[in-house]
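Enquirer: What follows is the residue order along each chain.
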Amino acid sequence: MTAADTKAADPPAAPPQKPRTAAPVPPRGTARPGGTPRPKLPYLLIAPAIVAIGAVFGYPLVKTVIMSFQDMRRAHLWGGTTPPWVGFEQFTNILGDSEFWWVTFRTVLFMIACVTATMGLGLSVALLMQRLSTWVRLLLTGALVAAWAMPLLVATSIFRWLSDSDYGVINSTLSKIPGLDFQGHNWFLDPWQGFTVIGAVVVWGAIPFVVVTLYAALTQVPRELEEAAQLDGAGAFGVFRNVVFPVIKPVFQMVATLSVIWDFNVFGQIFLMRGNKPEPEYELLGLYSFSKAFDSASFSQGTAIALITVLLLSGVAVYYLRQLMKTGEVE
Amino acid sequence: MRPDRKKHRLVYNVLGLGVFVVMAFPVYWLLVSAFRPNHEIRSYDQTLWPSSVTLDNFARAVDAPNFWTAIQSSLIICGASVAGAMLIGTIAAFAIGRFDFYGRKPFMTVLILVQLLPPTAMLIPIYVQLNGMGALNEYWGVIVVYLVSVLPFTTWMIRGFVINVPRELEEAAMVDGCTRMGAFWRVIFPLVAPGLAAASIFALITAWNEYLFAYILLQDNDKYTLNVWLMNFTTDRGTDYGALMAASVLIAIPVVVFFMIVQKKMAAGLTSGAVKG
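Going down the list, the sequences are from chains A and B. All residue numbers for the first sequence refer to numbering that gives the first Met the number 0, where the first residue is 0 and numbers rise by one. All residue numbers for the second sequence refer to numbering that gives the first Met the number 0, where the first residue is 0 and numbers rise by one.
Excised from the complex, chain B in its bound form:
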């Protein structure tokens, strides 16, 4: 039995390494291509290892028109939409996590259902509506769309943290003379802070990676977000893959860093949101 098991383990490990290679290869290729000299990128025989490492691709990416305005747009749009979603989501999560009221269940059902709507179904009427209000090409139009897109999930996630806080803590604070809102800010808020952090970063990643609405709703080159700006490297004459990969690395860095920082918290947030009824 034992040697048999060992042999199995070996087979499984080889299979596992195979899956690892497949899953990791695109990530590896992104990094390698970003640092590869251009003559290697435009080579008919691609090698797995670069012959030398260069920062030229990054230089071309950063020097491309509108890089800095794109960063600015992304920061403004994502910052504002995440802050708004957190504020609105937290108070809504508090309501459904702490109160039993008529309409609570339908509200929660809506929170889930709206996430299933195809974005393209929303795109046309939102475009038409913003156009009617003269809000096309304005930051706030995109901000509102992003805010509401992440709102259902952030609310749902924060609710999971709110119901984890024992009700007695709050009641004790109220006995000690706090108002309900006072008890919320002084007792619950600090306890759900990790959940808020995880939810906000989830929202940030979502907003940071969105491009369809930004592409349609923003029209000036200097208002494009980073994702829309990235399309500059694809022209009719061909694609500057080196710069595209370098720019993709630059854009992905914040996302990857955030992901690593909060990965554990996020996992905890997801499960607590799911388990506690």
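So here's chain A without its partners, still in its complex pose:
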């Protein structure tokens, strides 16, 4: 239950620290002196983890593939009978369904908007943090930590309350502006507005992680280099582009990649915002798969959509992994 659920639920990838100079990476203590006298022990130690991961991730993944070539419905679930094989029918049905393409389009659009906002705002706030007086920085850090620690479910409830049509503070505040009457305005009638509110929860929840990670990366930019560039006549943007960004680039890329993965899988925010029954126009890929499986009781359709989602994301996942390898997390 990682990515989609919450930013807190998902282990944030540890902020990788860029090796400053080309300091030689100390070789991992590879072979212990005298070779490997007890080669069985490590396997025994990782065996429980492998069994557990295999049971909860591996097997269902295989099962997903199998089910997506079958036609599993409620009768098979309760009767315990083997569902009929249908070959690629689920996939051709889904790929031939214009609704699927709309959902995919909506998912990509929502992801791009959220990632852009998260990374843009996150980077701006991180840069701002460097220039603040200490007391403002501490205050801001406190707010970031509080937002970070907020469970997704609670955060979503608050934003639902803030945007409530009758009793929400957003409406009553907007109505105070002369000429505007937002009293009783329902933000969710129009999906564009609704997704703006949902996007706000997503971005608000993701910003603390991005800011803290990027701020940590920014502290590694050598001050002298910045000053030297300034003396050479570089403007603020020039310094950022030529000195600051190259240093934080690996961290930035990694956080951006993670954001893509998380925002592509946004589920809980929409599900909770719409009181467990999201309207079809609020469905992104995760919800679409869920509602096909559990509301329409076509489990195979649901798994086929989930499988397509995994395939769509696997390119990003590979990129992420390569970034990790480059920064030396997996040696």
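Since the hints were derived computationally from the structure, they do not count as laboratory data. Where a beta carbon is used, it is the ideal one built from N, C-alpha and C, also for glycine. Each statement offered as a hint is correct.
Non-contacting residues of chain A with respect to chain B, defined by C-beta distances greater than 12 Å in every case (computed):
1. G86
2. G95
3. A112
4. Q192
5. V220
6. P221
7. R222
8. L224
9. G232
10. V238
11. V242
Computed spacing ranges between beta-carbons, pair by pair:
12. W48/B x S164/A: 21 to 29 Å
13. F87/A x M132/B: 25 to 33 Å
14. T115/A x V52/B: 36 to 44 Å
15. V256/B x W100/A: 43 to 51 Å
16. N220/B x Q182/A: 34 to 42 Å
Following the hints, position chain B against chain A.
Expert: Then chain B, alone, in the frame of chain A:
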């Protein structure tokens, strides 16, 4: 140059305070709404400050059906899954942190990759499988799912602490007559204890906040975890926001307290896990 800088600093500080307000406002609103009298919550003109403070909302939250069974469910499920994940994760972390063996790198790659799988992709087959085993609506089904969900990260994090412990300490213990496992329990274990604490709390927060699997896999009202129970306040007739906010505060308290206690340790854990190859 100097007065110019000062002016800049002022502008930045104002901007910073603006960001602070935006980030902190939802938290403030949660707290204020939880203590607000009901007639103010159901008001068309929301005020930023409550006129008076009341505990009515908390009373309604605690009196709601199944509050206590939900606490019990959350404690059982989270406690068991975190304990299991810590045990399995620690020994696996020891293996990949201390031994060089064939298959170590693929195992570590798997640890990272499984975290990228969308949970909804896992949900359907897990539901179908647990149903086939007659394990729907049983605690252990959710426990196993939570355990494995947090396992990759806890393993990864603990590994960072294990490789920070100098190998020589262990070797010295072995020279002094300890077995390898003995050296582990007597030398390494105490040294990685802060890391274990941080990892366990991270796992606890994750499990404590999860609701999707609990919502789908548990079906009886008296087995719901706190997060699923929280949905009681949203009905077709409307939402009892006062009680919902109060209940959210109650549920968030343990998380926030844990977060504050271990925040420093966690930060150290994250970086050491990342830096040491």
